[in-house]
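Undergrad: Sequence:
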Amino acid sequence: MDGIDSKNIQFIKKVLHANNRNLHAWMHISELYNYSDRIIENEISKCISNYSAYFATIQNNTYMNIEHDDLKNIVYTDPEISSPWVFIRMVEVCKRFNRMNSYVIAFDDRIEIILKTPCKTKVYLEYGGKVVEYSVDLKKVFPIYFSENGFGFNDITSFVIKTKNYPSIKIDVKKPYNPDTPKFIDEFISKHSNVNSLVTKLYFVFDESERSKIVSKILGIDPNKQQMYLEMKRGFTVYSGIEM
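Residues 1 to 244 in my numbering are what the sequence shown spells out, letter by letter.
A portion of the hints provided could be inaccurate.
[What the hints assert, rightly or not] Estimated spans, in silico, between C-beta atoms of each pair: (1) Thr181 to Ser135: 22 to 28 Å; (2) Lys170 to Phe107: 18 to 24 Å; (3) Ser135 to Glu231: 24 to 30 Å; (4) Pro167 to Arg110: 21 to 27 Å; (5) Met90 to Arg110: 30 to 36 Å; (6) Gln226 to Pro167: 16 to 22 Å; (7) Asp69 to Gly150: 48 to 54 Å; (8) Lys95 to Asn73: 16 to 22 Å; (9) Lys130 to Arg234: 37 to 43 Å; (10) Asn65 to Val205: 22 to 28 Å; (11) Gly150 to Val205: 30 to 36 Å.
Bear in mind the hints are in silico, worked out from the structure with no lab data behind them.
Keep in mind that this is a model prediction, so the values were computed, not measured.
Ideal placement from N, C-alpha and C gives every residue a C-beta, glycine not left out.
Input sequences plus hints: build the corresponding full structure.
TA: Okay, structure coming up:
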């Protein structure tokens, strides 16, 4: 099985049989076998709510193989548990990265370069007939404020991100990333609305007026975290990159 020696695989099977979410077992699978596809598939097939196995698909980039019906089933099986909702959010963020190391969020006052792995990075923006270089080192989020730099997002004609040890990517500033909300999320909210489902919905909605409506619903359920939720109201636009 994926080059795994028989003694080790039998040991892993025994541990996962006793507790299929065993943290140490999954760390072992990660370190020695880089999240073997077959182990993950096998564990998910045996238990629909094995969230450790689902999260492992993020690590080995097999999350795209999980059908919406499977996600719907785990949500309805454990609707009050946060893990399936967190997994759905993580998958959505992975899609923004588009298998690259960065993507961009544009707000009305700034752009933010989001890095999956913080490394020495240079950002090249062309606006006003000139190319300006910005440098960042070991930060996951790198903001560039329009007022401080004398330009707006619509002024950008070229946007390139170069990160050490990763492919250079080009951001198409004319083509924003617009995900569709999975139908089962809207169906769930219409019948069993809770904080987890509404926060997850925010990962698919970027328009500020729509986000404000969702946040109002969240505050109606959980008013004790008002400040945290109010910060989620702000709208933005997402741009994914392609390898140059």
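Undergrad: For the range 30 to 36 Å, tell me whether the beta carbons of Gly150 and Val205 fit it or not.
TA: Cβ of Gly150 to Cβ of Val205: about 31 Å, so the range 30 to 36 Å holds.
Undergrad: Is the gap between the beta carbons of Gln226 and Pro167 within 16 to 22 Å?
TA: violated (42 Å)
Undergrad: CB of Met90 to CB of Arg110, is that within 30 to 36 Å?
TA: violated (25 Å)
Undergrad: Could you tell me whether the CB distance from Pro167 to Arg110 stays inside 21 to 27 Å?
TA: holds (25 Å)
Undergrad: Is the gap between the beta carbons of Lys170 and Phe107 within 18 to 24 Å?
TA: Holds, at about 21 Å.
Undergrad: Go ahead and decide if the range 37 to 43 Å is satisfied by the Cβ distance of Lys130 to Arg234.
TA: Hint violated: Cβ distance 30 Å, outside 37 to 43 Å.
Undergrad: Could you check the hint for me, namely that Ser135 and Glu231 are 24 to 30 Å apart, CB to CB?
TA: The hint (24 to 30 Å, Cβ to Cβ) holds, given that Ser135 and Glu231 are roughly 28 Å apart.
Undergrad: Between Asp69 and Gly150, does the C-beta distance stay in 48 to 54 Å?
TA: Holds - the Cβ-Cβ distance for Asp69 and Gly150, about 50 Å, lies within 48 to 54 Å.
Undergrad: Could you tell me whether the CB distance from Lys95 to Asn73 stays inside 16 to 22 Å?
TA: Since Lys95 and Asn73 have Cβ atoms about 21 Å apart, the given range 16 to 22 Å holds.
Undergrad: Quick check on a hinted range of 22 to 28 Å for Asn65 and Val205, using CB atoms only.
TA: holds (26 Å)
Undergrad: May I ask you to test the hint 22 to 28 Å on the CB atoms belonging to Thr181 and Ser135?
TA: violated (37 Å)
Taken one by one, the earlier hints fail for this structure at numbers 1, 5, 6 and 9, listed in ascending order.
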